[in-house]
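Chains as they are written, first to last, in full-length UniProt numbering: chain Y, 1 to 323; chain H, 1 to 323; chain W, 1 to 323; chain V, 1 to 323.
It should be emphasised that the hints constitute simulated quantities derived from the structure, not laboratory data. None of the values given here were measured: they were computed from a predicted structure. The reader is advised that the hints may include incorrect statements.
Note that identical chains are pooled: a pair holds if it fits in a single copy or bridges any two copies.
EDC-like cross-link-like pairs, simulated, lysine to aspartate or glutamate; straight-line CA separation at most 20 Å [stated by the list, open to error]:
#1 244 to 75
#2 2 to 301
#3 53 to 211
#4 292 to 48
#5 308 to 80
#6 214 to 48
#7 38 to 80
#8 38 to 162
#9 53 to 196
#10 292 to 313
#11 53 to 319
#12 114 to 162
#13 84 to 117
#14 38 to 313
#15 292 to 312
#16 247 to 201
#17 236 to 201
#18 38 to 245
#19 244 to 80
#20 308 to 294
#21 292 to 135
#22 308 to 293
#23 283 to 33
#24 308 to 196
#25 284 to 83
There are 4 protein chains.
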Amino acid sequence: MKKIAVLTSGGDAPGMNAALRAVVRTATYYGMEVYGAKRGFDGLIQGDIYKMKSYSVSNIISLGGTILKTARSVDFHAQEGRDKAYEQLQSRGIEGLIVIGGDGSMMASDRFSKAYDFPIIGIPGTINNDLYGTDFTIGFDTAVNTALDAIDKIRDTANSHDRIFFVEVMGRDAGYIAIQTGIGGGAELVMVPETETSIQDVISTLQAGWDRAKSASIVVTAEGNAEGSAIDIAQKVKSHINNKDIKITTLGHIQRGGSPSAFDRILSSRLGLNAVEALRSGKKGVMIGIIKDEVVYTPLDIAVNTPKPLNDELVRMVEILNS
Amino acid sequence: MKKIAVLTSGGDAPGMNAALRAVVRTATYYGMEVYGAKRGFDGLIQGDIYKMKSYSVSNIISLGGTILKTARSVDFHAQEGRDKAYEQLQSRGIEGLIVIGGDGSMMASDRFSKAYDFPIIGIPGTINNDLYGTDFTIGFDTAVNTALDAIDKIRDTANSHDRIFFVEVMGRDAGYIAIQTGIGGGAELVMVPETETSIQDVISTLQAGWDRAKSASIVVTAEGNAEGSAIDIAQKVKSHINNKDIKITTLGHIQRGGSPSAFDRILSSRLGLNAVEALRSGKKGVMIGIIKDEVVYTPLDIAVNTPKPLNDELVRMVEILNS
Amino acid sequence: MKKIAVLTSGGDAPGMNAALRAVVRTATYYGMEVYGAKRGFDGLIQGDIYKMKSYSVSNIISLGGTILKTARSVDFHAQEGRDKAYEQLQSRGIEGLIVIGGDGSMMASDRFSKAYDFPIIGIPGTINNDLYGTDFTIGFDTAVNTALDAIDKIRDTANSHDRIFFVEVMGRDAGYIAIQTGIGGGAELVMVPETETSIQDVISTLQAGWDRAKSASIVVTAEGNAEGSAIDIAQKVKSHINNKDIKITTLGHIQRGGSPSAFDRILSSRLGLNAVEALRSGKKGVMIGIIKDEVVYTPLDIAVNTPKPLNDELVRMVEILNS
Amino acid sequence: MKKIAVLTSGGDAPGMNAALRAVVRTATYYGMEVYGAKRGFDGLIQGDIYKMKSYSVSNIISLGGTILKTARSVDFHAQEGRDKAYEQLQSRGIEGLIVIGGDGSMMASDRFSKAYDFPIIGIPGTINNDLYGTDFTIGFDTAVNTALDAIDKIRDTANSHDRIFFVEVMGRDAGYIAIQTGIGGGAELVMVPETETSIQDVISTLQAGWDRAKSASIVVTAEGNAEGSAIDIAQKVKSHINNKDIKITTLGHIQRGGSPSAFDRILSSRLGLNAVEALRSGKKGVMIGIIKDEVVYTPLDIAVNTPKPLNDELVRMVEILNS
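Let's have the full structure, built from the sequences with the hints guiding it.
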């Protein structure tokens, strides 16, 4: 394989640039040409593709976001769009593609890879950590540290005012960010989509804390909860404990940005390096991941469609340590 | 003066602990006894008052929040509450009081100081910087740095996705946090309560940016804007530019917490030290502040009731540098 | 087991407080009494031991250092000291001990545990990550992030001045901090004790960079290198390339402190929780660790005496990505 | 004035990019052309000069270092070098120059401005804050915050081990960084070049702390102290108190880098904006500064040659609050 392309797709995640850098540097190391497509599959379709050199990725390992830009492509959902994308690759003699993105991007890659029998390696890049086939996705560790830093700040105010805070973190349908942030922040309760927590449970936990003279409490809620957003949950709880000072914070987009943590830089570098070697060795239609410190490959459709359960140990930790 | 008390009141602000430390250490330095009341005026009323020593404030200079805790006292608004507070002070032989807080706390201090002819020095502690009689209030610089750090993170995502972000910062009726965060974050537009910005202005500014091929934009809005919250404003703007990717973030309570910046630690230390010396020299019923690097004293009611205009230079900077 | 003790020993590491909190909370959860000894084995010998409750460890999860304080005990090396320590435990009816510390502390624990047949569980707490029997030690991830933050700052200056920087990081005889910091910081070269790097190698790598018009370079060196400290190495290199602007920075003790990262808080919490359960289940004389996401137990002497090699993958990453 | 140039010179400082951005944007706002010279006066001499547009400075406000790069020019010290620089300016029709740098750069600017009667405005950019004619120089606030963050981390270890730390900060012959870091970090003692502190003073202060059962101490020393470096001072102190655990840390180059603080971004933006307006209004041979929140202009030679004393209030604060 002499020419490959790389793109970032879907929501941005800290570490995407580090992965991109690793792809470009590794391809260069092996004497391959490497092309970057701008704005995900949209740029691929439109031919917004440029040759990248080793120096194109200098000093980007510490940057959040993605210098290639990213998008959720609508056109790529249509046959016509995918045909054009294929032509763009063909016309440049590009033989393999590396897609850095989340589950939507892996799904699109799967379809494309199969339809055109085109070698694609997916790199899991999403703060949500909701892809099967890897212990951690790119951006997750940074997002957790950002959310944790926010919780630490909120704890200052909660303690000073003897308040209850409901803090909503990102994660879509997955509770990974919530549970790790909750453990790390010593949250009195964590509500995740993977396990059922009723409003009554919330009230009981808070009540138990006050009975032990705990004056301030933080409840971390994942955005995908059955009981709704932090605002919804706080509203339902409020009516039962109306003499308490309750505040709500939705951490929002700060969780997506920022310079990647050491963990994310190293994870991204390792995935990027091995993704190029995977293409070289003839792998295709798989997502690269790291499970128990080993590089592994999972068919793209399985990576997307297999549920990834929360580690029970984490759930147990909240119960024993924080309540 | 041999015995004084100190309390923190109203919303917490980073640097309150540094000010408290300075009060305790300075009083100790001058051989005075110093008492801390918990939870603002509530603790004063209830006699939740304890003697503080130099070591009581060890290692708190770097902590957000307030170790004395704080509250917005309802009881202190009633004559009965204030009478009790006065008795608590009298019964302990306390001759002066230092109140660290925002405008509500300064107002309450003014009333109390006048009614009982009791020496009180106010120290301006609020992230909003909305008190006349000081260039900066305690916590403001830290809040701006926290908001700026958030804007930097959001910029990563805005650039990666070519998005428009509306970011709401705190500040109540004042635009100080918004304007400084906006300048520091290179926001394309800043909406503050002090100057009128119509929805049409917002649209024009954004449009002008796109005409110059600016793909991502950040609009910082203060919470006290006439046009409403960031959500309201984005809603109004959206209908005019419906083909654009718009996101909204309300930074919320993270702006109140965190370890104080160097600026806030030094400001707080200086105000705390001088507040004790002011009590010793017979000052009363004034808020201490620093204007153009000089320690100044402003009658409490004037500090609260005089409007504090935004520096025109700052407004000009947004226009020339960021648009 | 009804009564246990816990202490922190050796050099402090961020996350020790989180581990301590987990030990206290888990013991409390199981209805056990838990005692904390101050200043490591010294406090144990001197009977500086106090009962800890759930609230004793409130809000310490985010704190660097250790609230129990720590020390490298000289007295514990003597039979007399160990006898006294044993008496202190016996007299209080304490049946098990948890020691949070590095290799010296694990060695001392091993000797004590065997001599008195006393149940001890070791928890690996050291920024150096140099203990066999766990993928990561407490404090390592935080130290790497701190060092990385420093490298990012130094990169600003290196790039602005087209300079070469030699940056020495901690790690004693292990190159873990160096290699991870080097990868994450995009260092042009990393020198670790585990592999030989001659001065000629350094010069060649730097020269190769300049030949490719790379103007700024960062060399990360571990403190345990055969060629000496960063100062020594820079001196040797300097004479060969005397027309270049060379600077040296020894990061020093900032790497030991600071609020623990999310990773370290969760690792510490998990180890602390499981250590108590290990004592309850009758384990003794072992160090707890996590290998490939599984909790494992390694006899204390083996944990200390078995070399822990650097992951080859990491060495490969520096070569391919950074040169 | 239709064409101006800008350069950064001397040691880099966080905020230089923000100042550069303000210069370029303001010049553009007024319809002027603006040229950037690379690597300080060296680039000017060599004609390494390029036209800058508004977008040339997009997203640089948050970056440490300087995108124009910087250097301490040797050639500019010679008449020949300065002649060449003048020719480069003349040949491009450049009518004014803005120099962002420290005292060496201001001195060189003064000589050049006078010799060729060429309009130059200096912008004080140095972390040392050692220029007369401005309350604060660009980069100072960021450097203090970086040093303070380091002190906070070191405090964790100092407290955990009951240690004495000698921490050396930058500042050349000025004690500004030391005194502010010392106050903010609650250092038990601060040694600055502006006031004499004998080794005996150090010992007495430390001794007084131990007498009050203070177990850990931090001494902040400025690099320009008469008693030498932190290593020298610690060595001298050590012999008098040999039973104490003493550690030394030289913070070094981390103090120069990093994303600028809010304060530095706003200061830099304001100085850059006003510097362009100063050129337009016919000012020349002056350094722009801000004193007591007013923009002021000081002849370049006076800015360099007038001593800038430490604020007595700061010295007093260390004495009363930290000892």
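Each hint, compared with the structure:
1. Taking the shortest Cα distances, residue 244 and residue 75 sit within 20 Å of each other only across copies (16 Å), while inside one copy they are farther apart (51 Å).
2. Taking the closest pair of Cα atoms, residue 2 and residue 301 never come within 20 Å of each other, the shortest separation being 27 Å inside a single copy and 51 Å across copies.
3. In this assembly of identical chains, the alpha carbons of residue 53 and residue 211 lie at most 20 Å apart only when taken from different copies (16 Å versus 63 Å within one copy).
4. For the homomeric pair residue 292 and residue 48, neither the shortest alpha-carbon distance inside one copy (38 Å) nor that between copies (41 Å) is at most 20 Å.
5. With identical chains, the CA atoms of residue 308 and residue 80 are never at most 20 Å apart, being 33 Å at best within one copy and 54 Å at best between copies.
6. In this homomeric assembly, residue 214 and residue 48 come within 20 Å of each other (Cα to Cα) only across copies, at 18 Å, whereas the closest approach inside a single copy is 57 Å.
7. Taking the shortest Cα distances, residue 38 and residue 80 sit within 20 Å of each other inside one copy (19 Å), while across copies they are farther apart (48 Å).
8. Proximity of residue 38 and residue 162 under a CA criterion of 20 Å is satisfied inter-copy only: 12 Å between copies versus 49 Å inside one chain copy.
9. Taking the shortest Cα distances, residue 53 and residue 196 never come within 20 Å of each other, neither inside one copy (50 Å) nor across copies (30 Å).
10. In this assembly of identical chains, the alpha carbons of residue 292 and residue 313 lie at most 20 Å apart whether taken from the same copy (16 Å) or from different copies (14 Å).
11. When the C-alpha separation of residue 53 and residue 319 is checked against a cutoff of 20 Å, the pair qualifies only between copies, where the shortest distance is 17 Å, while the shortest distance within a copy is 50 Å.
12. With identical chains, the CA atoms of residue 114 and residue 162 are never at most 20 Å apart, being 57 Å at best within one copy and 30 Å at best between copies.
13. For a Cα distance limit of 20 Å, the shortest separation of residue 84 from residue 117 inside one copy, 15 Å, qualifies, whereas the shortest one across copies, 62 Å, does not.
14. Taking the shortest alpha-carbon separations for residue 38 and residue 313, neither the intra-copy value of 41 Å nor the inter-copy value of 30 Å comes in at or below 20 Å.
15. For a Cα distance limit of 20 Å, the shortest separation of residue 292 from residue 312 qualifies both inside one copy, at 16 Å, and across copies, at 16 Å.
16. Only within a single protomer do residue 247 and residue 201 lie at most 20 Å apart by alpha-carbon distance; the minimum there is 19 Å, versus 33 Å between protomers.
17. Proximity of residue 236 and residue 201 under a CA criterion of 20 Å is satisfied intra-copy only: 12 Å inside one chain copy versus 39 Å between copies.
18. For a Cα distance limit of 20 Å, the shortest separation of residue 38 from residue 245 across copies, 17 Å, qualifies, whereas the shortest one inside one copy, 48 Å, does not.
19. In this assembly of identical chains, residue 244 and residue 80 lie within 20 Å of each other by CA distance neither inside one copy nor across copies; the values are 58 Å within and 24 Å between.
20. In this assembly of identical chains, the alpha carbons of residue 308 and residue 294 lie at most 20 Å apart whether taken from the same copy (18 Å) or from different copies (17 Å).
21. For a Cα distance limit of 20 Å, the shortest separation of residue 292 from residue 135 qualifies both inside one copy, at 7 Å, and across copies, at 10 Å.
22. When the C-alpha separation of residue 308 and residue 293 is checked against a cutoff of 20 Å, the pair qualifies both within a copy, at 17 Å, and between copies, at 15 Å.
23. In this assembly of identical chains, residue 283 and residue 33 lie within 20 Å of each other by CA distance solely inside one copy; the values are 18 Å within and 54 Å between copies.
24. For the identical chains of this complex, residue 308 and residue 196 are intra-copy neighbours only, at 16 Å inside a copy versus 42 Å across copies, given an alpha-carbon limit of 20 Å.
25. Within a single copy, residue 284 and residue 83 get their C-alpha atoms as close as 19 Å, which meets the 20 Å cut-off; across copies the closest is 63 Å, which misses it.
Figure legend: structure checked against the earlier numbered hints; hints not met, in rising order: 2, 4, 5, 9, 12, 14 and 19.
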